[in-house]
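Peer 1: Letter by letter, the chains look like this.
Number of protein chains: 2
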Amino acid sequence: MRVKFVIAYDGTDFRGWARSPGHRTVQQTVADAIKRVSNEEVEVVSASRTDSGAHARGQVCHFDTAAPIEPAVWPRAMNRVLPPDVAVLRASRVSIDFHSRFCAEDRWYRYRIRIGERDPFASRYSHDHGKSLDVASMQAAAEALVGRHDFRAFTEELQAHIDNTVRTMRRATVKAVRDEIWIEIGGTAFLRGMMRRMAGGLLEVGTGRRPVETIADLLTEKRSEMHWPIVLPAKGLCLMRVRYGDPPRDCRATAAGGRSDESDRLDRLD
Amino acid sequence: MRVKFVIAYDGTDFRGWARSPGHRTVQQTVADAIKRVSNEEVEVVSASRTDSGAHARGQVCHFDTAAPIEPAVWPRAMNRVLPPDVAVLRASRVSIDFHSRFCAEDRWYRYRIRIGERDPFASRYSHDHGKSLDVASMQAAAEALVGRHDFRAFTEELQAHIDNTVRTMRRATVKAVRDEIWIEIGGTAFLRGMMRRMAGGLLEVGTGRRPVETIADLLTEKRSEMHWPIVLPAKGLCLMRVRYGDPPRDCRATAAGGRSDESDRLDRLD
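In order, the protein sequences belong to chains A and B. Using my numbering, you'd call the opening residue of the first sequence number 1 and step up by one each time. Using my numbering, you'd call the opening residue of the second sequence number 1 and step up by one each time.
Everything labelled a hint here was simulated from the structure, so no lab data went into it. Please note: incorrect hints may appear among the correct ones.
[Stated by the list, open to error] Lysine to any residue pairs mimicking SDA-like chemistry, simulated, CA-CA at most 20 Å apart:
{"id": "1", "chain 1": "A", "residue 1": "K131", "chain 2": "B", "residue 2": "V73"}
{"id": "2", "chain 1": "A", "residue 1": "K131", "chain 2": "B", "residue 2": "A77"}
{"id": "3", "chain 1": "A", "residue 1": "K131", "chain 2": "B", "residue 2": "V81"}
{"id": "4", "chain 1": "B", "residue 1": "K131", "chain 2": "A", "residue 2": "P84"}
{"id": "5", "chain 1": "B", "residue 1": "K175", "chain 2": "B", "residue 2": "E143"}
{"id": "6", "chain 1": "A", "residue 1": "K131", "chain 2": "B", "residue 2": "P75"}
{"id": "7", "chain 1": "B", "residue 1": "K131", "chain 2": "A", "residue 2": "P83"}
{"id": "8", "chain 1": "B", "residue 1": "K131", "chain 2": "A", "residue 2": "A72"}
{"id": "9", "chain 1": "B", "residue 1": "K175", "chain 2": "A", "residue 2": "K131"}
{"id": "10", "chain 1": "A", "residue 1": "K131", "chain 2": "B", "residue 2": "G116"}
{"id": "11", "chain 1": "B", "residue 1": "K131", "chain 2": "B", "residue 2": "E143"}
{"id": "12", "chain 1": "B", "residue 1": "K131", "chain 2": "A", "residue 2": "P75"}
{"id": "13", "chain 1": "B", "residue 1": "K131", "chain 2": "A", "residue 2": "R80"}
{"id": "14", "chain 1": "B", "residue 1": "K131", "chain 2": "A", "residue 2": "V73"}
{"id": "15", "chain 1": "B", "residue 1": "K131", "chain 2": "A", "residue 2": "V81"}
{"id": "16", "chain 1": "B", "residue 1": "K131", "chain 2": "A", "residue 2": "A18"}
{"id": "17", "chain 1": "A", "residue 1": "K131", "chain 2": "B", "residue 2": "P84"}
{"id": "18", "chain 1": "A", "residue 1": "K131", "chain 2": "B", "residue 2": "R76"}
{"id": "19", "chain 1": "A", "residue 1": "K131", "chain 2": "B", "residue 2": "L89"}
{"id": "20", "chain 1": "A", "residue 1": "K131", "chain 2": "B", "residue 2": "R80"}
{"id": "21", "chain 1": "A", "residue 1": "K131", "chain 2": "B", "residue 2": "P83"}
{"id": "22", "chain 1": "B", "residue 1": "K131", "chain 2": "A", "residue 2": "N79"}
{"id": "23", "chain 1": "B", "residue 1": "K131", "chain 2": "A", "residue 2": "K131"}
[Claimed, not checked] Going by beta-carbon spacing under 10 Å, a handful of chain B positions derived as facing chain A:
{"id": "24", "residue": "A8"}
{"id": "25", "residue": "H55"}
{"id": "26", "residue": "R57"}
{"id": "27", "residue": "D64"}
{"id": "28", "residue": "P83"}
{"id": "29", "residue": "P84"}
{"id": "30", "residue": "V86"}
{"id": "31", "residue": "L89"}
{"id": "32", "residue": "R93"}
{"id": "33", "residue": "R118"}
{"id": "34", "residue": "S123"}
{"id": "35", "residue": "R148"}
Just so it is clear, CB atoms sit at the ideal spot from N, CA and C, and this is done for glycine as well.
Hey, can you work out the whole structure from these sequences and the hints?
Peer 2: And the structure:
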């Protein structure tokens, strides 16, 4: 039986999602808890491999189990053994064709920037800017990101070898919420570090250091001419939701692909 | 010059307010930051000595300084050197007669109990109950706490030697807020552990284990007959606000008192 979880975690004390020997990761922590519940060693696959320190309120993952456990029983069973910084919010049985990463229609991220006085209760979950920002200009710049574009300016230089850096963003909004600015972007798939660089570029616009139109320019300029956006810290980032079709798209063909590069695989979903 | 701070802290990684050799405490952390700003060794006195793990959004403290620093400059200067889990929200110059503890008119605490699904972003700041509670009964029981009463049933047994355990509560409310129950109690002064025991007694009422009227009984029964309320963990507790008169009451006489027991001293303010 394939089981799908919706999970939330405070990423502060995790070295990201992906298993990494010697480090505390969300993937390993969830797998360890499943082992305590069902006595099985499983591979847990997520929709997004969040960075070290990034958070999730609606991460999705799946795994296969032979244990005779009703889906409705999983959340309580898991939450009894999981540490307090991770929780299973919902569980459901899905088709064996379902794949949390390859079937995802889109992902929605929020980046929080604090502009007000420091707040010890927000410091783990937001980037402290501490000064006001020009939200209207940020919103205008964000609109340029919507649509199908080449986002090579927003990925890590280490990954410059990736052939296809074209992705589709469905919406991008910037809004003031109490003492914070929230940048919310939803798209089919994201390159590594992309959300933190889009937030960085928009922050530069908000401070006046970067003209609004240069965000659109980043989508068309030659790499050699680019004025690269800064990358903001992972702690301000949260994966809010992953959306699937109903029923989920047929993603078997994609899932069967042998290449291991997530970004490259994701690309086929655009 | 005497300076008053309003400060906030996430108490999770502190061993409470009061200085304690070998432990990370809020009092020492604030004093260390003042030393970095003004190069002075000062004694920082707070309105409330919060427990290990308890939080504050509106703690008040004061200290004396000879540094020629305008009050308005203090918050930014402090927040540059303080760790991210403490922040100075406001600073003001006060009379040399002002004493954050002895001049306080009342203190307002909130205790958060989670009744909904687990939330990794709330687990540091609330007690996980995970089941629904009878809020109407809790509210009815809380009303019995308002007024001038002997609260000996709500203090630590170790402190049973305290002569005067009479305190005055000005209001006590219980309300449902999203997936949580918030118990908010304001009073002139609190005995050690009192807020966490009042929350514990009300939680017992909410689960049906304790009849509503036994909360009132706890205020009048003989110690030997008492069915003591449980004490809830500090992490759910937050000092929201400390209120002073305008101008603050004259508290010099009280402050000059030589006894070192906080609860005992506080008692004179009732």
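Peer 1: Compare the structure with each hint and give your call.
Peer 2: Evaluated hints:
1. K131(A) <-> V73(B): The given pair, whose Cα atoms are some 15 Å apart, holds under the 20 Å limit.
2. K131(A) <-> A77(B): Satisfied, since the Cα-Cα distance of roughly 15 Å is no more than 20 Å.
3. K131(A) <-> V81(B): Within the cut-off at roughly 17 Å; holds.
4. K131(B) <-> P84(A): Satisfied, since the Cα-Cα distance of roughly 17 Å is no more than 20 Å.
5. K175(B) <-> E143(B): Distance ~13 Å between K175(B) and E143(B) Cα, so the pair holds.
6. K131(A) <-> P75(B): With Cα atoms ~14 Å apart, K131(A) and P75(B) stay inside 20 Å; holds.
7. K131(B) <-> P83(A): holds (19 Å)
8. K131(B) <-> A72(A): Given that 20 Å is the threshold and the Cα spacing comes to 16 Å, the pair holds.
9. K175(B) <-> K131(A): At roughly 35 Å apart (the allowed maximum being 20 Å), K131(A) and K175(B) break the hint.
10. K131(A) <-> G116(B): violated (36 Å)
11. K131(B) <-> E143(B): Given that 20 Å is the threshold and the Cα spacing comes to 23 Å, the pair is violated.
12. K131(B) <-> P75(A): Cα-Cα ~14 Å, so holds.
13. K131(B) <-> R80(A): holds (14 Å)
14. K131(B) <-> V73(A): holds (15 Å)
15. K131(B) <-> V81(A): The given pair, whose Cα atoms are some 17 Å apart, holds under the 20 Å limit.
16. K131(B) <-> A18(A): Distance ~33 Å between K131(B) and A18(A) Cα, so the pair is violated.
17. K131(A) <-> P84(B): Distance ~17 Å between K131(A) and P84(B) Cα, so the pair holds.
18. K131(A) <-> R76(B): holds (12 Å)
19. K131(A) <-> L89(B): OK: K131(A) and L89(B) at ~15 Å, within 20 Å.
20. K131(A) <-> R80(B): Distance ~14 Å between K131(A) and R80(B) Cα, so the pair holds.
21. K131(A) <-> P83(B): holds (19 Å)
22. K131(B) <-> N79(A): holds (14 Å)
23. K131(B) <-> K131(A): This hinted pair is violated, its Cα atoms lying about 42 Å apart.
24. A8: Holds, because the Cβ-Cβ distance from A8(B) to chain A comes to roughly 5 Å (cut-off 10 Å).
25. H55: Given a least distance of 8 Å, the restraint on H55(B) holds.
26. R57: holds (8 Å)
27. D64: violated (24 Å)
28. P83: holds (9 Å)
29. P84: holds (4 Å)
30. V86: holds (6 Å)
31. L89: With a minimum Cβ separation of about 6 Å from chain A (threshold 10 Å), the hint on L89(B) holds.
32. R93: With a closest approach of 19 Å, the R93(B) hint is violated.
33. R118: Constraint on R118(B) satisfied, holds at 4 Å.
34. S123: holds (4 Å)
35. R148: Result: violated, 34 Å to nearest chain A Cβ.
In this structure, the earlier hints numbered 9, 10, 11, 16, 23, 27, 32 and 35 are contradicted, and the remaining ones agree with it.
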